[in-house]
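Undergrad: So the protein sequences, as listed, match chains A and B. According to the working numbering, the first sequence is numbered sequentially starting from 1. According to the working numbering, the second sequence is numbered sequentially starting from 1001.
Treat the hints as calculated values from the structure; they're not laboratory data. A hint or two may mislead.
Examples of chain B residues lying across from chain A (beta carbon under 8 angstroms, computed) [unchecked claim]: (1) Pro1022; (2) Val1047; (3) Phe1138; (4) Asn1139; (5) Leu1141; (6) Ile1143; (7) His1144; (8) Gly1146; (9) Gly1156; (10) Pro1245; (11) Gly1246; (12) Asn1262.
Every residue, glycine too, gets a C-beta built ideally from N, C-alpha and C.
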Amino acid sequence: MKKKYLKWLIILLLMLIGIQCGNSSEQFTIWIGGSPRELDYWQQIITEFNKQTGYNLQLVRQPTYSDQRRQSLVIDLEAKQPNPDLFLMDVVWLNQFAASNWLQPLDKYVKDNDFQLHQFFQSILNSVDKYKGNLYALPVFLDVALLYYRKDLLEKFGYSEPPKTWSELLNEADKIQKIERKNNPNFYGFLWEGAQYEGLVCTFLEFTSSHGGGIMNNGKVDLYRKSNIEALQFMQDLIHKYKISPPSTYTEMKEEEVRLSFQRGNALFERNWTYAWKLHQSNGSPVKGKVGLTILPHFKGDSSVSTLGGWHIGISRYSDEKEKAWKFVKFITSFKSQKKLILNVGWNPSRKDVYKDKQVIAEAPQIKELYYVLKHTIARPTVPYYSQLSDIIQRYVNDCLSGKISPSTALQKMQNQIKEVEKIYGTE
Amino acid sequence: MAPNSNKYLRNDTGLAYLFNSPLIIITLIFVFIPVVGTLVTGFYRDVTFMPNKFLGLANYERLFEDIHFWQSIQFTVLFVTVSVMFELFFGMIFALILNETFPGRGILMIAILIPWAIPNAISARIWELIYNFEYGIFNFLVIHSGLSAAPVNWLGSPISAFFSIVISDVWKTTPFVTVILLAGLSTIPKQLYEQAMIDGTNILQRFSKITLPLLKPVIVVALLFRTIDAVRIFDLIYVLTGGGPGGSTTSISLYAFKYYLNGDFGYGSAISVIVFLVASGLAILYLKVGKFTEMIK
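Next comes chain A alone, as it looks inside the complex (with noise of 0.2 angstroms):
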């Protein structure tokens, strides 16, 4: 019996060892995640590419959550595998991924004739994709924040145009929210992403960068400012003092929480992202036909900015293929790919030349708005240890939110936190 068993045990392990060292390096795959909808898409779009070249890419699905996503690409580029070739990236990974040695600069590649760089915004590529001056990745598609509001209440309240400042937005919001609430007991004025997850670093930059702040300034982390703390109390004013946010929005609020909510008609404005959108407008949506989109607000005196989302493409420092990876990267991010991502995925396209196309503009309307945002992008902290720095923000902005503790603590102490972060991670 036991001689049976060691048997087999040695046959099994002999098979673990065989797939390891069996890992194909011919292999070429780009590796993607996300809804099965979009993977679908993904390999569409991938079959395209391979009929047009005669290349064999193929898809490895990687799961749908960001963070898993990013640690199996950790793990098989910390152990310099020939696979994968290519992978996308959320915008926040850039900076430590082309810390970490992992991505294959492509100033080399953007040189070719055809190859129209000028297509791109170049504030994007400057502030997110580029690592000590060279060029380490490309915009597959952008996402932004946006605020979506209600245009048949604010016409029924005699208001022409959304709110341009937070102030005026303050106003509407309280006077429509007392009346509608008549009707509908669980309707909020301004709903938003304070729950303590990424997104509330985005909500939080907003807030404090349309006052003049924001989280870095030269360069540093500088948070504890006049502005910020300004910024902050209106964050939680907003909610305990203005009472036109609900209280779930420091335990609950995420994007897919604030969106069901004003879906159903429980909201006069929302800040999402532009995913939205699509959503609001589907068949069955009791919003629909029903939703503005505009850029956020700002503080009297000051301007509106958008926190930068979306995925960049990058090809592996380790890849066997990177030849063959450039053509795609090129195929992907070319008018025609990008064209058709908008138009059946609703992905907003990081070109230039498809906001300006007729065909985009009379299929996808909202576009010509997205266009004006983007150019008041800003991004988040580009530096390799940033998950650390949004761990500290998220902490203490949302435990200022629950009312907790005040704007200028919170803000000293991740003044603090973040310099420890810095002594270990920043110096070299």
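Fit chain B to the supplied structure of chain A, relying on the hints for placement.
TA: This is chain B only, laid out in the frame that chain A set:
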């Protein structure tokens, strides 16, 4: 004669090594090398985006001042205590029931054992659906029984998330405790109980004077396995809450993992070493308390 027997002896030792070699090799590859590797990495600054540097004990000094590390220790200790306690309690009850002979015992046994056969990640997904805010069965029951008017966000507050995790873990691992205790119960001679019954003892006396003392070594084994396993809890929490809300359910293993994800392998390794030390410390403690080594002799 003497040299000959020596030769046999030597041959025996050689053969013993030969036959044990698969086990030794496997242990070396899968246990020894990773443990030593982690220990060594823990002394370095091993960050993907920075050059490597020997730090000595600096990673451990950093651990001492890291509030979130202590929070994760606190959570883990609380989780281990509460969940292992419940597992032992229910495991004992199930084992005592299954130790009797009655019709349908086989079916009951299978029913009790099923959770143990389900992989951790899958059982975590099942529980995630049960706790779901919008369509979970818990909220369905709570609302339809009139206990609460509004649905409860089970995984949304630190306390309810803690107990949600405990419930899932108890459901999942009680069968393991049951099986071990059942094995122990079956070794207790029936005559002891018969004799005690003749002496006029009641069921509680028989349990506390016969079952418990004779079962003690087996209970220690069950506790040992469960505690060490619970200290290292990762997958259930990773799937169920991801360490939230607000980091309140982050176990030590999950905390270490977060550093690996962020590219800081040195600090992550230092945390893993602590998990290793805690688990082995507990093992030694149990063995001492349970006098397990004497029992084997």
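Undergrad: Against each hint, give a clear statement of whether it holds in the structure.
TA: Status of each hint after checking the structure:
| no. | hint | result |
| --- | --- | --- |
| 1 | Pro1022 | holds (6 angstroms) |
| 2 | Val1047 | holds (7 angstroms) |
| 3 | Phe1138 | violated (17 angstroms) |
| 4 | Asn1139 | violated (14 angstroms) |
| 5 | Leu1141 | violated (21 angstroms) |
| 6 | Ile1143 | violated (17 angstroms) |
| 7 | His1144 | violated (21 angstroms) |
| 8 | Gly1146 | violated (21 angstroms) |
| 9 | Gly1156 | holds (6 angstroms) |
| 10 | Pro1245 | holds (7 angstroms) |
| 11 | Gly1246 | holds (5 angstroms) |
| 12 | Asn1262 | holds (5 angstroms) |
This entry does not satisfy hints 3, 4, 5, 6, 7 and 8, going by the numbered hints stated previously.
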